[in-house]
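Next come the chains, spelled out residue by residue.
There are 2 protein chains.
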Amino acid sequence: MQVSRAGGERRSNCPVACSLDVLGDRWTLLVIRDLLQGKSRYGEFLASAEGIPTNILADRLKRLEEAGLISSSQYGTHSRRKAYTLTKKGEGLAPALRALRDWGLSQFPGTHVPV
Amino acid sequence: MQVSRAGGERRSNCPVACSLDVLGDRWTLLVIRDLLQGKSRYGEFLASAEGIPTNILADRLKRLEEAGLISSSQYGTHSRRKAYTLTKKGEGLAPALRALRDWGLSQFPGTHVPV
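In order, the protein sequences belong to chains A and B.
Reading the first sequence from the start, the letters are residues 1 to 115 in our numbering.
Reading the second sequence from the start, the letters are residues 1 to 115 in our numbering.
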């Protein structure tokens, strides 16, 4: 799986399959969601309601950066902490997130968009 | 994971998170893709270019039926073989699939929509 996620060997030339090689798990699109909502820091992602485990978060941030969907920069003068932002490629996922959100809103009673 | 996929405990009330509890892996949306393209039989899903393993396919069909996204019926008079179709709920994923397809087409050179 790491090979295809890193942009190597493909399962097929289907654009959905290639997308899922990068995005196809329970967590990655939640990090993209958080970034689209303006979150940028490790602690902010951790604080989201789903309680993403730290090892999964670190892995997904690394994979997303390798795949060119996010970029990172240090913030603070004496800090090794990073701020993450979506690249154009990552921002391009907004329509897919909206479509999944709309489907979820219609199918799972009691769900709502975070305020 | 089985609990949330089966519609039980939620990670949050975010519609994207609830959607990913059902759809968040590398294979499930490929089965939905195949169904949207008119495939309906086990052997047709197996024949798709990605080469889904039989145990994963059987598991995903079971989960999708439990989640109400597909329904199955026997076909043939002396056969236990099943034909699968999308329910309204499953058909509602068409916009999300289109959005993922469009993102993939724009990001992965050489990908194309199956003919």
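In case anyone wonders, no lab produced these hints; they're calculated from the structure.
Do not take every clue at face value.
For chains that are exact copies, the list does not tell them apart, and a pair is met inside one copy or across any two.
Derived SDA-like pairs: lysine to any residue, alpha-carbon spacing no greater than 20 angstroms straight-line [what the hints assert, rightly or not]: (1) K88 - D102; (2) K88 - G68; (3) K62 - D25; (4) K62 - S48; (5) K39 - K89; (6) K62 - Q107; (7) K62 - V113; (8) K88 - S73.
Worksheet item: From the Cα coordinates, with 20 angstroms as the cut-off, is the pair K88 and D102 best called within, between, both, or neither?
Response: Between copies, since 15 angstroms is at most 20 angstroms while 23 angstroms is not.
Worksheet entry | Identical-chain pair category, K39 with K89, by Cα at 20 angstroms | within (17 angstroms within a copy, 31 angstroms between copies)
Discussion item. Within, between, both or neither: how does the pair K62, D25 come out at a Cα-Cα threshold of 20 angstroms?
Written reply: So K62 and D25 pass the 20 angstroms test inside a copy (15 angstroms) and across (18 angstroms) alike.
Discussion item. For K88 and S73, with the copy left unspecified, which applies at a CA distance of at most 20 angstroms: within, between, both, or neither?
Written reply: within (16 angstroms within a copy, 44 angstroms between copies)
Worksheet item: 20 angstroms Cα cut-off: does K88 pair with G68 within a copy, between copies, both or neither?
Response: Close inside one copy (9 angstroms), not across copies (35 angstroms); limit 20 angstroms.
Discussion item. Cα distance capped at 20 angstroms. Does K62 pair with S48 within a copy, between copies, both, or neither?
Written reply: within (19 angstroms within a copy, 30 angstroms between copies)
Worksheet item: 20 angstroms Cα cut-off: does K62 pair with Q107 within a copy, between copies, both or neither?
Response: Between. Shortest inter-copy distance 19 angstroms satisfies the 20 angstroms Cα cut-off; intra-copy 32 angstroms does not.
Worksheet entry | Intra- versus inter-subunit Cα pairing at 20 angstroms for K62 with V113 | neither (27 angstroms within a copy, 29 angstroms between copies)
Checked against the numbered hints given earlier, the structure breaks only hint 7 and satisfies all the rest.
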